[in-house]
Amino acid sequence: MHPVTDAPVRVVVADDSELVVRGLQAMLSPYAHAVILVSPTRAGAPAPMRDLTLYDPASVRRTTASPRSDRLRAAGRMVAYSWDCSQALVTTELARGAAGFVGKRVPAERLVGALMRAHAGQVAVDLDGPEQDRRRARNDGWPLTKRETSVIALIAQGLTNAEIVEHTQLSINSIKSYIRGAYRRIDARTRPQAVFWALSTGSAPTLTSRARAP
Amino acid sequence: MKPIPETAQAIEEFGPFAIENENLLAELLDKAHRVQDLVPQCVGLSVASSRDAVTFTLVATAQEIALLDAIRYVAGGPCLEAVETEQILAYERADRFDEQKWQLFAQATAAASVASTLTLPIFEGERLFGSVNLYASTPTAFNGHHQAIAHIFDAWAAGAVTNADLSFTSRSIAERAPDLLRAEIDLTVASSMIAHQDNVSIDAARRQLDEAARRAGVTEAQLAQTIVELERLEDSE
Chain A
1 MHPVTDAPVR
11 VVVADDSELV
21 VRGLQAMLSP
31 YAHAVILVSP
41 TRAGAPAPMR
51 DLTLYDPASV
61 RRTTASPRSD
71 RLRAAGRMVA
81 YSWDCSQALV
91 TTELARGAAG
101 FVGKRVPAER
111 LVGALMRAHA
121 GQVAVDLDGP
131 EQDRRRARND
141 GWPLTKRETS
151 VIALIAQGLT
161 NAEIVEHTQL
171 SINSIKSYIR
181 GAYRRIDART
191 RPQAVFWALS
201 TGSAPTLTSR
211 ARAP
Chain B
215 MKPIPETAQA
225 IEEFGPFAIE
235 NENLLAELLD
245 KAHRVQDLVP
255 QCVGLSVASS
265 RDAVTFTLVA
275 TAQEIALLDA
285 IRYVAGGPCL
295 EAVETEQILA
305 YERADRFDEQ
315 KWQLFAQATA
325 AASVASTLTL
335 PIFEGERLFG
345 SVNLYASTPT
355 AFNGHHQAIA
365 HIFDAWAAGA
375 VTNADLSFTS
385 RSIAERAPDL
395 LRAEIDLTVA
405 SSMIAHQDNV
415 SIDAARRQLD
425 EAARRAGVTE
435 AQLAQTIVEL
445 ERLEDSE
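Just so you know, the protein sequences line up as chains A and B, in that order. According to this note's numbering, the first sequence is numbered sequentially starting from 1. According to this note's numbering, the second sequence is numbered sequentially starting from 215.
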């Protein structure tokens, strides 16, 4: 059962092949009451109204100078959509601010569910194909909330709490609260332990990009 | 009591810590006030966390110390007596295990107002979690209070040691807390970067870092800081 919304969630697919776009249109057409695929922008035309942008991290890296390009920043809430569901990529994209991560093997109904959760402000992660345990379609596989992931990623880049406050515009108490929550979930007791966990799982974008460079 | 500036900075910049429940500064202040209720002559305390590898120190405010000094002046005391009788308080090396003479010796070099100390170990299960050092302005301030003070800090009263830190060195250690915490983060980040880049273990990466620092004639912490700053510069380009 999907959460009820007043209007369908409008989704744009960014920078992917016609095969993927047409495939998605076919997959999502039975769920048009919940999710609709909006046509991507033609050259020179204004960007379409959208709630979410579905993007493939691999396509983004091929076509943009930086994952944080202005074009993507203008795309609103982003949900990664990829064949590669490795933990390193998932954590990297979530640390970069993705609202969710869905594997391309996930069946249509679960894709729709993930998009609706992302639209509702939750961290939507669904990585497995239909043969896996349906319970893993929820966010159980990823230990941290989106905000906790972001804060831990910033800690892993060596930022102090004051620097994280400046970066996120959150209060110092909120930052510490997210850190405590994250520590509990990843079983870290100290900052170096959290740093090591983040770097080991690829939550620090700089480390990951260096490690993945050709 | 209040935290020394470096303790306040460490808690603000690098918290939360393994040693705290919800709010370390509030918890330390609460414990300090409870100690002062028992031992009004307490002028400072330091809590060392083994897991966090950091020491936090609170000291009496200038007003509190002035009040204690005034009380001591009115009541008399060893220093006042020494001044009045022009007596030199000397320490003889042969007597270094004499506790009273240890106090006199340390007073010549002690931080202001410290006349006795109490050190208690803190255990978590069977593992040493840390320790608390308390400092008082009179020689016998902690007498009869070991158990009660241990209860405040969940420490082990039977492990109490007296007058082990009359020169208040724990404060000097606490003053380095922000630098030490920053250095540890930089070392972890730099070691992890090297480990991933060279496909080696963290321990091997740490040894590489140490070797490189020695060859360059810098400290491990300085090299790690440089590596992390270079990485940040690269990322921002």
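Check the hints yourself; a few may be wrong.
Said to hold, decoys possible - Label-pair ranges, simulated between beta-carbon atoms:
#1 A:Val165 with B:Gln436: 39 to 49 angstroms
#2 B:Asn235 with A:His167: 23 to 33 angstroms
#3 B:Ala418 with A:Glu163: 27 to 37 angstroms
Said to hold, decoys possible - Facing chain A, according to a computed beta carbon distance under 7 angstroms, are these residues of chain B, among others:
#4 Arg265
#5 Thr440
#6 Val442
Honestly, the hints are just simulated from the structure, not real lab data. A virtual CB, placed ideally from N, CA and C, is assigned to each residue, including glycine.
Verification of the hints:
About 27 angstroms separates the C-beta atoms of A:Val165 and B:Gln436, a value inconsistent with the hinted range of 39 to 49 angstroms. Taking 23 to 33 angstroms as the suggested C-beta distance range, the pair B:Asn235 and A:His167 conforms, at roughly 27 angstroms. A hinted range of 27 to 37 angstroms for the beta carbons of B:Ala418 and A:Glu163 is consistent with their spacing of about 30 angstroms. Hint on B:Arg265 holds. Least Cβ distance to chain A is approximately 6 angstroms, under the 7 angstroms limit.
Checking B:Thr440 against chain A: minimum C-beta separation of about 12 angstroms lies over 7 angstroms; hint violated. The restraint placing B:Val442 at the interface with chain A holds, with a minimum CB-CB distance near 5 angstroms, inside the 7 angstroms limit.
Comparing the model with each earlier hint shows violations of hints 1 and 5; every other hint is respected.
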